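Residue numbers (our numbering), protein chains in the order written: chain D, 1 to 370; chain Y, 1 to 157; chain W, 1 to 286.
These aren't lab readings, by the way, just hints derived from the structure by calculation.
Computed from a predicted model, the values in this text were never measured in an experiment.
You may find that some hints are simply not true.
[As the list claims (entries may be wrong)] Cross-link-like lysine to aspartate or glutamate pairs, in silico, EDC-like; alpha carbons within 20 Å at most: (1) W:236 with Y:15; (2) Y:127 with W:231; (3) Y:20 with Y:107; (4) Y:2 with Y:31; (5) D:79 with D:105; (6) D:231 with D:51; (7) Y:127 with W:203; (8) Y:127 with Y:18; (9) W:236 with Y:16; (10) D:231 with D:168.
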Amino acid sequence: MHVIAPQAVDTLIRLLAGDGYEVVGPTRRDGAIVYDRVQGLDDLPVGWGDEHAPGHYRLRERDDAALFGYVVGPHSWKKYLFPPQETLFRLTRQPDGSFVTEPGEPAPPRRAFIGMRACELAAIAVQDRVFLGQAVQDRGYAARRQDVFMVAAHCAEPGGTCFCASMDTGPRAREGFDLALTEVVDATQHFLVAEAGSEAGRAVLDRLEPRPATDAEHAAAERVWAEAPEKMGRQMPADAREVLNRAFEHPRWEETAERCLSCSNCTLVCPTCFCSQVEEVPDLEGQRTERVRRWDSCFNQEHSHLVGGAHRDSVAARYRQWITHKLATWHDQFDTSGCVGCGRCITWCPVGIDITEEVTAVRRDAEGQR
Amino acid sequence: MKELLAILEQQPFFEDFDPKHLRLLAACAAERSYESGARLMRDHEPTETFWLIREGQVALEGRVREGNVPFMTLGPGDILGWSWLLPPYRASYDARATTDLHTLRFDAGVLRERMEADPALGYTLMKHFAALIVQRLQAARLQALDIYSHGGSEHGH
Amino acid sequence: MATDAAATLPDQVMAPQPWRIYSVHRDVASNEVFSWELRPAPGVEPGTLPAPGQFNMLYLFGVGEVPISVSAITDDGGIVHTIRAVGSVTRAMQDLEAGAVVGLRGPFGTAWPLEQARGRDLVLVAGGIGLAPLRPVIHAALERRADFGRVVVCYGARAPGDMIFRDELDAWAARDDLDLRVTVDRGTAAWRGDVGVVTQLIDRGGFDRRNTLAMVCGPEVMMRFAASSLERRGVKPEDIFVSMERNMRCAVGFCGHCQIGAHFVCRDGPVFPYPVMEPAFRIREL
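Chain D on its own, in the form it takes in the complex (with noise of 0.2 Å):
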């Protein structure tokens, strides 16, 4: 264990921009946490902290500098990996009729992402297995993701809607990143203690110039780990994939099809949700045209089209598919649940529809019907 100070968290995204990354990492815009690029200390929401509960989310200012003293915002990394757009490819038409193809997007760039949460850390590696651990490839996320320089923020203070702890992906990382922070901030301290999770984090680290942790600042940064899970605002059901499974047909679901508004944002915002839909995007002349890929919600009536109409007519359909395969069906598919806990879906549902209280109540239904 090494500590670095605050200050060295700017030395760190400079460094790494002189490395040849595209540093990105979070910032405060428009009232939330956003992820964009930064360019040093200066862009990161020093001081800033954030409320979340169901259809619930502001920004407070905190009485302290902590670089990391927020939960997470409405953005997550997926849209660095998978973009909410991207042409697949270009094509254009030949005298003779039939058509050249090339690639839509140019090589992207290299990456380094700051701040990671453990949550985001196992989303990554849940759509790691979509992506990367079928049959097939995606070609464009494998380009994406095959470069990217992580570095983690263990979560401190986790919000009124996480529930990392339950789904034991959080709140402390356990792997996946190239360098790990733990940030210890209050009246009398603020320092950060960094751990290497690879051969490529530890020679990054090395040239920040840690000094070895103190055993007092070992254990502050222990006690942040330990007090993390405790201030978590919620917790799944140990048993979701079970109860879901046996839950296909339940009253519940039509009851939260009355309040759920259809309107996706669950899906925006989760980092795993992996739905895409490729448009045709042809220019006037009929000669070039592209094919466009964008995020798709299993909410829209649309993703489940079929010739004589939408499969999954009904809103309680569809939030059944949606729970039920982040749940359920994502074990049987990827071998791991959809869901790393990180509450944004309860945040940002205009109506704060809670994906642990549903849970809990089609569950306490079954027990009373079997």
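Following the hints, put chains Y and W in place on chain D, whose structure we already have.
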């Protein structure tokens, strides 16, 4: 008689009948052929008969203003006629041979008496005819749903 | 942290390859159903030939892409697709003539378990245009006829005018090594064949209940009733196979549209053992 019994034993409809009951059924049956166009049942007329079709095709027809419209055809192995089972023992549609037809024709009047006297036989036959009627009902429902017209598929499923 | 997995995706998987329409066959009077024989455009590698039951993604430049089952493979490597013009892409495809170039990627999905049927009676049940994905099975079965017991084909269409592959149906009807049974839901004055739903053709039996493999393709409600009829005739549920349709877009399990429970129809199907799909027939909007 022995020949008829051998025929019955091979029919899916009579597959799990007690041999004793099969012998009884064979005793009520006779081979009977019809020429194409022959009418086996006429809507609303009394019927004391049912048929096992061995060769050829029978069309069940309903009468509409334009004439007779076939709503179902029966072929080899199919049973024609259940109106003999329940009062008023009248046919509810026309049945017409659309090809030359070879059948086993059962005397249902006699059979009904046997069923009354032997509840085990009665139950077996009722059970098999109930299954047949359910099958026909399901078929009629499927037909009513017009399954091929609802959008359907672009390539087959 | 970096991943080990390098981008090794061959382009053919996701990018449409140019294939030329070698011939067009319009089947039904309405022209709603048509068949294309496709061959690779010059310089294009034909790739793996599809197996009966598999599908290709067919693409029309500037319009879009649709999943279409293979309905025949010619002796010299042409791939035949039979398409019903009922969506925006297929309607645009309807007017193309021989010589036009379309995009193709594939084949994708699971095949009919023809090997599993070796030495057994083979019962094929098709409804409507569902005969198209089963046609290559009939071709294969006739080619190696000695490998199978009785081959029974039950085909139901809405009306005589909606039947596809009319010429071939006549040829099959004339064979004595194939038991073709055809029925229509609605007869006409001129129609001399059977009237009634396709399940009745199953109820007539004529196959060994203990040693039969059945393949069913058609509208979902028809597949469900066909499976019941087969079960009633003594065919074991695990010996019944169905071909499912959902909104298949990417064809490789990335886009999420075609899920039925835990299954991606594009990747784990479209051909499934009936017991695996039984919940999909039972649970509404699954």
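Evaluated hints:
1. W:236 with Y:15: holds, 18 Å
2. Y:127 with W:231: Cα-Cα ~18 Å, so holds.
3. Y:20 with Y:107: With Cα atoms ~17 Å apart, residue 20 of chain Y and residue 107 of chain Y stay inside 20 Å; holds.
4. Y:2 with Y:31: holds, 13 Å
5. D:79 with D:105: holds, 15 Å
6. D:231 with D:51: holds, 12 Å
7. Y:127 with W:203: With Cα atoms ~16 Å apart, residue 127 of chain Y and residue 203 of chain W stay inside 20 Å; holds.
8. Y:127 with Y:18: holds, 13 Å
9. W:236 with Y:16: holds, 18 Å
10. D:231 with D:168: Given that 20 Å is the threshold and the Cα spacing comes to 15 Å, the pair holds.
When the structure is compared with the earlier hints, no violation turns up for any of them.
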